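Guided by the hints, dock chains B, C and D onto chain A, whose structure is given.
Now for the letters of each chain:
Number of protein chains: 4
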Amino acid sequence: MAFRSKLKIRFGDIDRAGIVYYPRFLHYFHVALEEFFAAELGVEYHTLIDTHRIGLPTVHLESDFSRPFSYGDNIEVEVRVLKVGGTSITFGYRAFKEGDAVARIVGHNVTVCLDMDRFQKIQPPQWLRQLFEKQLDLMGNK
Amino acid sequence: MAFRSKLKIRFGDIDRAGIVYYPRFLHYFHVALEEFFAAELGVEYHTLIDTHRIGLPTVHLESDFSRPFSYGDNIEVEVRVLKVGGTSITFGYRAFKEGDAVARIVGHNVTVCLDMDRFQKIQPPQWLRQLFEKQLDLMGNK
Amino acid sequence: MAFRSKLKIRFGDIDRAGIVYYPRFLHYFHVALEEFFAAELGVEYHTLIDTHRIGLPTVHLESDFSRPFSYGDNIEVEVRVLKVGGTSITFGYRAFKEGDAVARIVGHNVTVCLDMDRFQKIQPPQWLRQLFEKQLDLMGNK
Amino acid sequence: MAFRSKLKIRFGDIDRAGIVYYPRFLHYFHVALEEFFAAELGVEYHTLIDTHRIGLPTVHLESDFSRPFSYGDNIEVEVRVLKVGGTSITFGYRAFKEGDAVARIVGHNVTVCLDMDRFQKIQPPQWLRQLFEKQLDLMGNK
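Residue numbers (the numbering used here), protein chains in the order written: chain A, 1394 to 1535; chain B, 1394 to 1535; chain C, 1394 to 1535; chain D, 1394 to 1535.
So here's chain A without its partners, still in its complex pose:
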């Protein structure tokens, strides 16, 4: 089963309409990605920047929202590696209300691998590419 990060919706994440302010989901997805790096890749996300000087800025994102989340809901965010390109990595996200079988949000982000010192697009170093590709294998969608 794909990695899931368990998050709680917070008092301050709710908007004037009484549901989660949708830009917050993109934040939740990033939080889940940070957890995914530590738990599945064995790399603390902050070392990616601080030690390896690699950034992963988003160049394309897409999400479908079928049902809203409310305050008090527990949320599980699934993270997958969907594709490893020359300089790009695509992450897939699905957000479930805890206990639900059907996702309420399905999305993906295309990121590019960036040399943080020169702020230029690069191919991910071999050790990082292998970590991503291993995830593709594990999920049988290489």
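These are calculated hints, taken from the structure and not from any lab test. What you are looking at is a predicted structure, and each value in this text was computed from that prediction instead of being measured. Incorrect hints may appear among the rest.
Where chains are identical, the list cannot tell them apart; a pair therefore holds if satisfied intra-copy or between any two copies.
[What the hints assert, rightly or not] Derived pair list, reagent style DSS-like, types lysine-lysine, alpha-carbon separation capped at 27 Å:
(1) K1401 to K1490
(2) K1490 to K1514
(3) K1399 to K1527
(4) K1514 to K1399
Only chains B, C and D this time, still in chain A's reference frame:
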């Protein structure tokens, strides 16, 4: 020319990589939408919910990011009505660094019209549909 | 020992100066308060509003920051009930870097008990007052 | 009259209780401070860090909230220089609902002047000290 909301990137909007944290752009787009309602439709966005009991939750979003924004950049967010469906309204967004001819972010959000009391999808009331359709006409993309 | 909520500093919580944007700590404190309610009082914070129609808006806050937090730090936020007044409850907060003996932030918030339907200050209902007072007892600072 | 920054409360700034989530006010205060630097001191806040390598982290903050703000309210945040110490600068903030004579929030932040390259407390450079002291004079509270 389409409506543009002038925003400033704030100290707290920058992430660990030194550029704007991308979920913030979805927030900027919503801020620009609130300004668009007041300036172009003549409806304060908060009255939509408070007075008319109508919500516009996002059901689909999509964005392409070609260049990052840094702290100190001034940003202009263009808002357009791209499509008025039966119960949906699609808003288009483009984000420019002030003075640039080429947008750095291009995106759109599909929203649905919601009866906030019953939390059910509805057709927008006639007065609101007309306001949206007038925007389509003005922009010659009906 | 007083309750502590373990939080992680997120990529998006860092500001242009490379440290946690200080308004985020007030958010962390609220997140820790929500955890405190569930873990120590046995009341999910969202039911306070949704079921009991009670709010706890802040009327006074004060914090001292002695050392900053960086991305990658794990943070523990301690929550205490410091005082139960007629209509007010004062919560104390201390933020530690995981493993540190000395807190980096020490603060407190005075909140008032609010009837959410009439938006008026009230005395907390007896069951809630008892839960707060039990915390005072436990911490030997009644 | 002291400098005021006009801000709008945004859809996403409202919490589950229907009022502005109070950590957002600390963000509003910082936004107003950024505007104050540009408008009154003639220094863009981002150049402070990017060009002059000076940071102003908060070491103490204090705020009193007497009435809440709702979505749709326009807010004016007044910024004053209250004190210039050896290495510290204290900024005073008051938040008004537009048109009100009485502030709804009154607070202040003590900041210290930091050399961003060595991350050490310093005396503000003479040009910056003079700008702050001129504000004290203008406000007759030196």
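Results for each hint:
no.	hint	in the structure
1	K1401 to K1490	both (10 Å within a copy, 22 Å between copies)
2	K1490 to K1514	between (36 Å within a copy, 21 Å between copies)
3	K1399 to K1527	within (23 Å within a copy, 31 Å between copies)
4	K1514 to K1399	neither (32 Å within a copy, 29 Å between copies)
Violated hints amount to a single one, hint 4; each of the other numbered hints is respected by the structure.
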